[in-house]
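Start from the sequences and build out the full structure, keeping to the hints where you can.
Residue strings, one per chain:
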Amino acid sequence: MADAAEKISTTDARLGDLTLPAGGWSEAARKDALARVQAMGLPERRDEYWKYTRPDTLTQAGAVPAALFDNDEAPIFGEMDRLNIVFVDGVFDPQASDDLSLEGVTIDRLAEAKTDIHWARDLYGVLEAKGQNPVPRPLAALNTAFATDGVLIHVTGNPSKPINLTYHHRSETSDAILHHVIRLDPGAEVTVLESGPAAARFNKCMEVEVADGATFHHVRAQGRDHERRAATHIFARLGTESVFKSFTLTANGVLTRNECVIELTGDDAVAHVAGACVGDGDFHHDDTVFITHDAVGCESRQVFKKVLRNGATGVFQGKILVKKDAQKTDGYQISQSLLLDEDSQFLAKPELEIYADDVACSHGSTSGAIDEDALFYLRSRGVPEGPATDLLTLAFLAEAVEEIENEDLRDEINDRLAAWLERHRS
Amino acid sequence: MLSIKNLHVKLEEEDKQILKGVDLEIEAGKVHAIMGPNGSGKSTLSYVLSGKDGYEVTDGTAMLEGADVLEMEPEERAAAGLFLAFQYPVEIPGVGNMTFLRTAVNAQRKARGEEEMSAADFLKAVRARAKELKIDADMLKRPVNVGFSGGEKKRNEILQMAMLEPRMCILDETDSGLDVDAMKLVAEGVNALRSEGRGFLVITHYQRLLDHIKPDVVHIMADGKIVKSGGPELALEVENNGYGDILAEVA
Ligand SMILES: Nc1ncnc2c1ncn2[C@@H]1O[C@H](COP(=O)(O)OP(=O)(O)O)[C@@H](O)[C@H]1O
Ligand SMILES: [Mg+2]
Chain D
1 MADAAEKIST TDARLGDLTL PAGGWSEAAR KDALARVQAM GLPERRDEYW
51 KYTRPDTLTQ AGAVPAALFD NDEAPIFGEM DRLNIVFVDG VFDPQASDDL
101 SLEGVTIDRL AEAKTDIHWA RDLYGVLEAK GQNPVPRPLA ALNTAFATDG
151 VLIHVTGNPS KPINLTYHHR SETSDAILHH VIRLDPGAEV TVLESGPAAA
201 RFNKCMEVEV ADGATFHHVR AQGRDHERRA ATHIFARLGT ESVFKSFTLT
251 ANGVLTRNEC VIELTGDDAV AHVAGACVGD GDFHHDDTVF ITHDAVGCES
301 RQVFKKVLRN GATGVFQGKI LVKKDAQKTD GYQISQSLLL DEDSQFLAKP
351 ELEIYADDVA CSHGSTSGAI DEDALFYLRS RGVPEGPATD LLTLAFLAEA
401 VEEIENEDLR DEINDRLAAW LERHRS
Chain C
1 MLSIKNLHVK LEEEDKQILK GVDLEIEAGK VHAIMGPNGS GKSTLSYVLS
51 GKDGYEVTDG TAMLEGADVL EMEPEERAAA GLFLAFQYPV EIPGVGNMTF
101 LRTAVNAQRK ARGEEEMSAA DFLKAVRARA KELKIDADML KRPVNVGFSG
151 GEKKRNEILQ MAMLEPRMCI LDETDSGLDV DAMKLVAEGV NALRSEGRGF
201 LVITHYQRLL DHIKPDVVHI MADGKIVKSG GPELALEVEN NGYGDILAEV
251 A
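Going line by line, the protein sequences match chains D and C.
Using the numbering used here, count along the first sequence one by one with no gaps and you end on 426.
Using the numbering used here, count along the second sequence one by one with no gaps and you end on 251.
Source of the hints: derived by calculation from the structure; they are not laboratory data.
A portion of the hints provided could be inaccurate.
[Said to hold, decoys possible] Among chain C residues calculated to face chain D with C-beta under 7 angstroms, some are:
1) Gly66
2) Glu75
3) Val90
4) Asn241
Here the structure is a predicted model, which is why all the values come from computation and not from measurement.
Built from N, CA and C at the ideal position, the CB exists for glycine as well.
This is the structure we're talking about:
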C-alpha cells in the first residue's frame, strides 16, 4: 500500500508540473495517453522493469540541472549531404534548420500541425499504446500526452538524403519532451539520423510504421554532455518484407535509458537493433529491448556492446517474444560488456519467450576484460599499450557497429569511438 | 647482438624457479638453435626476453646491443629490434590482419623517429612478402589468426617478421605442427632474412627444421639451464640418441 501511495504522489507531482497541449488533431490521443499514465503511475525503483536503473531523476518534477559540455569536435554526420532539422533544448529552430521540403517525403512540425494530418493521427500514440503491453512504459505515455514538439515524417518514396535531427543543449535546466512520428509507405526507404544531448533531461519518443517492403535506417549518436539524462523510446511496427535497422552510439551521459519496442507483424520482415556505448566513471546506460515476432519467417537481431570503466554501469534487458504462429522465426540476441577495471559493472537480463515450435533463437550475454594474451601479442609487435588496448576495444565493439549498413556512417561512428577511447586512456 | 648472462627467472605468482642461470651470447649474422626436452624453459626464455607478464627476473641480465631489454616495455623491445615468433600465435577476433600489420610497422617506425610507411608502399611490401610465403589475399583480410590452420598461423608469424625487419629474431617452435611443405616455406622465409646484421635464436624440438635453417651454434637446454653447446652435429646427436645421453653426461 505504501508503494502505491508513493507512486501516486510521484506521478501527481510530475504531472502537476506539466500542461496538456490543447486543441488540434492530437488532443484525443494526448488525453488517452494521460489516462494511461495516471492508471500506470510513473516508474519506481521497486518496479521489476526498473530493477537496474533508478528512475527517480527521470520522473521527478523538474530536471536535475546539467552542465553544458564544451568540446571542439566537429559535429557528427556534419560532412554528409543531409536535410537538417535542429532543436534547441527541445524547441524547433527554424533558422538553423533546412527547408523541410524534399522529394519523396513530407515533413511537418508536431507543434504546428493544427490541421488534421490523417496518417499521423492514425499513428500518434497508437504504437506507444500498443507497446504498453505486456510491460508498462509510463514515460512513453507521458511523452505522448505532453510532447511539445517533434516532427511528423511521411516517407512516400526514396528521398535522396538522410533526415538529420540535431538536438542542441543550451540551457542547464532544460527539460525537453519530443515526439516524432514516422510512416514509410510500401516500398519507401529513408535514413533518419539523430545526434546531440538535447537537454538537461530529455524524454523522446519515436513511433515508426514501416509498411510492406519499406526500409528504415536509423543511426543515432547521443550527446556527450556528462550530466545529461535521457529516457528514449522507439516503437516500431513492421509490415511484410519490411526492414528496420537502428543503431545507437552512446558516449557519456550520467543516465540513459533507451527502450526499443518492435512488433514484426508482416511475414519475412527484418529488424536489427544495435548499440555501442562507452562510459567512464559516472555513467549509467540502459538498453531495454522488446521484440515481438507475430508473423512467419521474420528475422530479428539485437547486438549490444558496452565498454565500461572507472565504475561505469551498463544494463541490458532484452526480450524476444515469439508468438504461436510466428513459425520460421530467426531470432538472435547478444549483449556483451568489456569491463576495463573492476569497479565497473554490467547487469544483463536476456529473455526468450517462445510459443511457436519451428524457430531458431539464440541469445548470449558476457562480461569480460581485455584479453591479456592478445594485448601482449600486439605489444610484442611494437604497438604501445594504449593504442593496442584501443584496437582490441574497437574490435570488441565491431559486431555492433557493423550493423550500420552505410559505410560512411559506419566509419564516422568508428572514428568517434576511436577518438573517445584515445581521450579516455588511463 | 643479444647477450644473456646468468639469467634466473621464477613465476611471479608461484614460488617456482624456471630459469636457473642461462648464459647465451648471440652474435650478429649468426643463427643459434636451442633444443631441449619439454618443460625445460625454452618458451619461458623467449617470453621473458619479449616482456610477457607473469615472470620475475631474480638475477642476471639480458642486453640487446648494449641496451638492457629487461627494463623495457614489450613495445620498446620490439622497436629496439627484438621479435618473437610465438609458439602459439594469438587469435585476435575483430582486428584485421592488414590493419594489425600496418599498425605494428608504423608504431615501430614512430618509436624510432622514422617516417610512417604510406598505405601504398605498405600494400606493395606486404603483397610481395605474402606471395613468397604463399599467404593469399583472403588471409590478409581475415582477423588476425582467426580460423587459420596451424601452418597458416606460423607463416603469418614469418610474414610479420619479414615486414618488421627485426635485428634479433627468436623463433619458438615455429616448426611444430607443420607438414614438410609448410616447413620448407617457413625455413625459406627465415633464410631470406638471414643477413650480416641480424641474429637468430631458433627454438626447436626437432632436428628437421635445422636441416633447412642451418644453425651456427646448437645449445641444449635442460631444467632451466644451457647444459651443452656445440656445432650443428649436436642437433644430429639429439636426433639419433634423444636427450638421454647428453643429460646423463652433464649430470
Ligand atoms: N605461466 C606459467 N604458469 C605455470 N607454469 C609455467 C608457466 N610458464 C612456464 N611454466 C612451467 O615452467 C616450465 C618451463 O616451461 P616452458 O618454458 O614452456 O618450457 P618449454 O618451452 O621448454 O617446453 C614448465 O614446467 C612449465 O609448466
Ligand atoms: Mg615451449
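Less than 7 angstroms between beta-carbons is the criterion; does C/Gly66 satisfy it with respect to chain D? Not OK, violated: C/Gly66 not within 7 angstroms of chain D, min 20 angstroms.
A closest beta-carbon separation below 7 angstroms is what the hint needs, so does C/Glu75 meet it against chain D? holds (5 angstroms)
Is the hint on C/Asn241 kept, meaning its closest Cβ partner in chain D is under 7 angstroms away? violated (35 angstroms)
Please verify that hint: C/Val90, Cβ, nearest Cβ of chain D, below 7 angstroms or not. holds (4 angstroms)
The earlier numbered hints that this structure contradicts are 1 and 4.
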